[in-house]
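Produce the complete structure using the sequences and hints provided.
First to last, the protein sequences are chains A and B.
Following full-length UniProt numbering, the numbering of the first sequence begins with 1 at its first residue and continues without gaps.
Following full-length UniProt numbering, the numbering of the second sequence begins with 1 at its first residue and continues without gaps.
Note that these hints are calculated values from the structure, not bench results.
Positions of the beta carbon are idealized from the N, C-alpha and C atoms, including for glycine.
Just to be clear, a hint being listed does not mean it is correct.
Straight-line distance between alpha carbons at most 25 Å, and here's what the computed BS3-like set of lysine-lysine pairs gives [what the hints assert, rightly or not]:
1) 12(B) to 127(A)
2) 63(A) to 75(B)
3) 63(A) to 12(B)
4) 76(B) to 80(A)
5) 66(A) to 12(B)
6) 56(B) to 48(A)
7) 48(A) to 50(B)
8) 76(B) to 63(A)
9) 112(B) to 48(A)
10) 75(B) to 80(A)
11) 56(B) to 184(A)
12) 120(B) to 48(A)
13) 124(B) to 80(A)
14) 12(B) to 119(A)
Restraint ranges, calculated between C-beta atoms of paired labels, are given here [unchecked claim]:
15) 138(B) to 19(A): 26 to 34 Å
16) 9(B) to 243(A): 42 to 50 Å
17) 235(A) to 33(B): 58 to 66 Å
18) 182(A) to 114(B): 37 to 45 Å
19) 56(B) to 166(A): 18 to 26 Å
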Amino acid sequence: MEQPKKVADRYLKQEVLGQGTYGVVFKATDTKTGETVAIKKIRLGKHKEGVNVTALREIKMLKELKHPHIILLIDAFPHKENLHLVFEFMETDLEGVIRDSNVLLSPADIKSYLLMTLKGLAYCHEKWVLHRDMKPNNLLIGPDGQLKLADFGLARIFGTPDRKFTHQVFARWYRAPELLFGAKQYGAAVDVWAAGCVFAELLLRRPFLQGNSDIDQLSKIFAAFGTPKADQWPDMKKLPDYVEYQFVPAPSLRSLFPSVSEDALDLLSKMFTYDPKARLSVKQALEHRYFTSAPSPTDPARLPKPLRKQETKASYGKHEAIKVVSPPRKIRRVMPERGRVDGMKSHVDKDQQAPMSLDFTVLAERPPNRPTITSADRSHLKRKLDLDF
Amino acid sequence: MAANFWESSQYKQLLDQEEVDVVQPLDKERGISVEDFKLIKFHMSNHIMKLAQHIKVRQRVVATAITYMRRVYTKKSMVEFEPRLVAIACLYLASKAEESIVQARNLVFYSKRLYPDDYKYELKDILGMEMRVLEALDYYLVVFHPYRSLSDFLQDAALNDVNMNQFTWGIVNDTYKMDLILVHPPYRIALACIYIASVQREKDITAWLQDLNEDMNLVKNIAMEILDFYENYRTITDEKVSSAFSKLALKP
Chain A
1 MEQPKKVADR YLKQEVLGQG TYGVVFKATD TKTGETVAIK KIRLGKHKEG VNVTALREIK
61 MLKELKHPHI ILLIDAFPHK ENLHLVFEFM ETDLEGVIRD SNVLLSPADI KSYLLMTLKG
121 LAYCHEKWVL HRDMKPNNLL IGPDGQLKLA DFGLARIFGT PDRKFTHQVF ARWYRAPELL
181 FGAKQYGAAV DVWAAGCVFA ELLLRRPFLQ GNSDIDQLSK IFAAFGTPKA DQWPDMKKLP
241 DYVEYQFVPA PSLRSLFPSV SEDALDLLSK MFTYDPKARL SVKQALEHRY FTSAPSPTDP
301 ARLPKPLRKQ ETKASYGKHE AIKVVSPPRK IRRVMPERGR VDGMKSHVDK DQQAPMSLDF
361 TVLAERPPNR PTITSADRSH LKRKLDLDF
Chain B
1 MAANFWESSQ YKQLLDQEEV DVVQPLDKER GISVEDFKLI KFHMSNHIMK LAQHIKVRQR
61 VVATAITYMR RVYTKKSMVE FEPRLVAIAC LYLASKAEES IVQARNLVFY SKRLYPDDYK
121 YELKDILGME MRVLEALDYY LVVFHPYRSL SDFLQDAALN DVNMNQFTWG IVNDTYKMDL
181 ILVHPPYRIA LACIYIASVQ REKDITAWLQ DLNEDMNLVK NIAMEILDFY ENYRTITDEK
241 VSSAFSKLAL KP
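Next comes the structure, spelled out in structure tokens:
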């Protein structure tokens, strides 16, 4: 066993939590505060490009963003030519919660998770920051149950006129239709769509719209909400990659979410408005009656959590047949797309999906295989990999 | 935008002029006066602008780079942070932070071309300094500039003809040869520049300015500072710059 090493005279290094392309993430104790922290060590790319741009983007954003629902960047320092970022330690993430079939999520629990997600996002938008990578495994959950937005490696400051953005953002399943049609100028509404996907995923306990290509993603969206008509979304046809889709009428949203409350359904439909200009803002979403009607959101400290790593292992022995609940957190977190995670789970998992209330006959096909990584995604993934921790 | 600025790290970091004008002890030992200090920063700002012209980056990147450079010297000495290396590292860092990244080796290439005789830094020096600059900046990288408010204001004041736009934009560019960005909110600098331009071009915008709900004395003070700078500008000679650098035992 290695003796614990003190980094920068302050941090006591503990076990490695995960390995990303640009370096390791390890657990440590901050001797100044006694708190547990996660330190992301960013290797400098062989003296060619200096500090990694994605890492720099994350530092730049997090230095400006201080909020109870945004991951806290505690410190940054160079050490032995590597840049180290010190974050508050988070126990798990929302994906871990959603995937764990031992976790029972009540409507009040779901409301609490969504509330915290939207509060963090509202703060970003107030500060003119687009997150651009909202998805369950970027929503981390602390030991106190507080949910925090993390991974700002794709975030951008918006509000600058005529600034052209890339539409290759977000993991595909969370990408808004305007992005899939190649929009270069877009705004906060893209984060709202993604938050809507997270909401749906909390309700369904599985990703809502699982396209395996950009084209397929749009057809999944249209199958769920109907092909948009011009009066629903006037600017649609002007988008760079617009292609006409066969008209499909919208099934009733109720048929996709049979067991949720009227208020939840109403909020969901408004977050999934096609026209980004008409889509609900985060602020409006927070004012929606869903958040004031019964049941009131669960106190974060009392939210159900996935079993801890050791406990998971322990339960393994007892219930051989039960699927892997979730891979050790850090391994999962360095995998950007769930498609990759599959290989790591036991094969039992595949057939034994999380309970779902979505009736797929409505979508006229079985859930697709997890998407493989397309070449279009590869650069996106590479960028993402540096930042996951 | 403004609401944004008031919550930014930049707003919290604004300094008084007296704080900006503090010469670091190590530099003082070499005999650097406040005047020398300003001259060197002025020279390095020009240097960054020149280099940026060659590698063709947006003005925003230049402005951010110069802001970084000026912030570094509110905390670090020129003896330890060699100005030319700092300038290049700041430009490199700014290009990343402003999302219009330039290749570090292009920076080396153009620096060598600009100064064929005595340019002595290589890629690894720039990357090493990038890290030191980042640390000196305490990792605060978001910088607000007057440009954004400038176009909004000009439009609002109905002064947005091409001529007026270019003229005011030019004045704003010149403010980076001074420390204004470390001391004042960017929108106020923009107003001061518009004020100067309107006076120069004999356009009366008094009524518009009065409607702004802004303390016009503050704006006028900045405008005066800018005009003073233009006045002094004429007295800056190569000899003065060289003499300041020679105290640091460096060539400009």
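Taking the hints in turn, this is what the structure says about them:
With a C-alpha separation of about 15 Å, the suggested pair residue 12(B) and residue 127(A) falls inside the 25 Å cut-off, and the hint holds. For the proposed pair residue 63(A) and residue 75(B), the alpha carbon gap of about 19 Å is at most 25 Å, so the pair holds. For the given pair, residue 63(A) sits about 12 Å from residue 12(B) by alpha-carbon distance, which is consistent with the 25 Å threshold. In summary, the hint linking residue 76(B) to residue 80(A) is supported, as the alpha carbons are separated by about 21 Å, within the 25 Å threshold.
Proposed proximity of residue 66(A) and residue 12(B) is supported: the alpha carbons are some 14 Å apart, at most 25 Å. A C-alpha spacing of about 21 Å is found between residue 56(B) and residue 48(A), which places the hinted pair at or below 25 Å, so the restraint holds. Restraint check: the Cα-Cα separation between residue 48(A) and residue 50(B) comes to about 24 Å, which is no more than 25 Å; the hinted pair holds. Straight-line distance between C-alpha atoms of residue 76(B) and residue 63(A) comes to about 21 Å, which keeps the hinted pair within the 25 Å bound.
Simply put, residue 112(B) and residue 48(A) have alpha-carbon atoms about 18 Å apart, close enough for the 25 Å limit, and the pair holds. Taking the CA atoms of residue 75(B) and residue 80(A), the gap is near 23 Å; set against the 25 Å cutoff, the hint holds. Distance restraint check for residue 56(B) and residue 184(A): the Cα-Cα separation of roughly 23 Å lies within the 25 Å cut-off, and the hinted pair is therefore satisfied. Distance check on the hinted pair: residue 120(B) and residue 48(A) sit about 18 Å apart at the alpha-carbon level, within 25 Å; holds.
This hinted pair checks out: residue 124(B) and residue 80(A) have alpha carbons roughly 15 Å apart, not beyond 25 Å. Between the alpha carbons of residue 12(B) and residue 119(A) the distance comes to roughly 24 Å, so the proposed pair stays at or under 25 Å and holds. Against the hinted window of 26 to 34 Å, the Cβ-Cβ separation of residue 138(B) and residue 19(A) comes to about 29 Å, which satisfies the hint. Range check, residue 9(B) to residue 243(A): Cβ separation about 44 Å, and the 42 to 50 Å hint holds.
Take residue 235(A) and residue 33(B): their Cβ atoms lie about 60 Å apart, and the range 58 to 66 Å holds. Evaluation of the 37 to 45 Å hint for residue 182(A) and residue 114(B) yields a pass: the beta carbon distance comes to about 40 Å. Against the hinted window of 18 to 26 Å, the Cβ-Cβ separation of residue 56(B) and residue 166(A) comes to about 21 Å, which satisfies the hint.
Every hint from the earlier list agrees with this structure, and none is contradicted.
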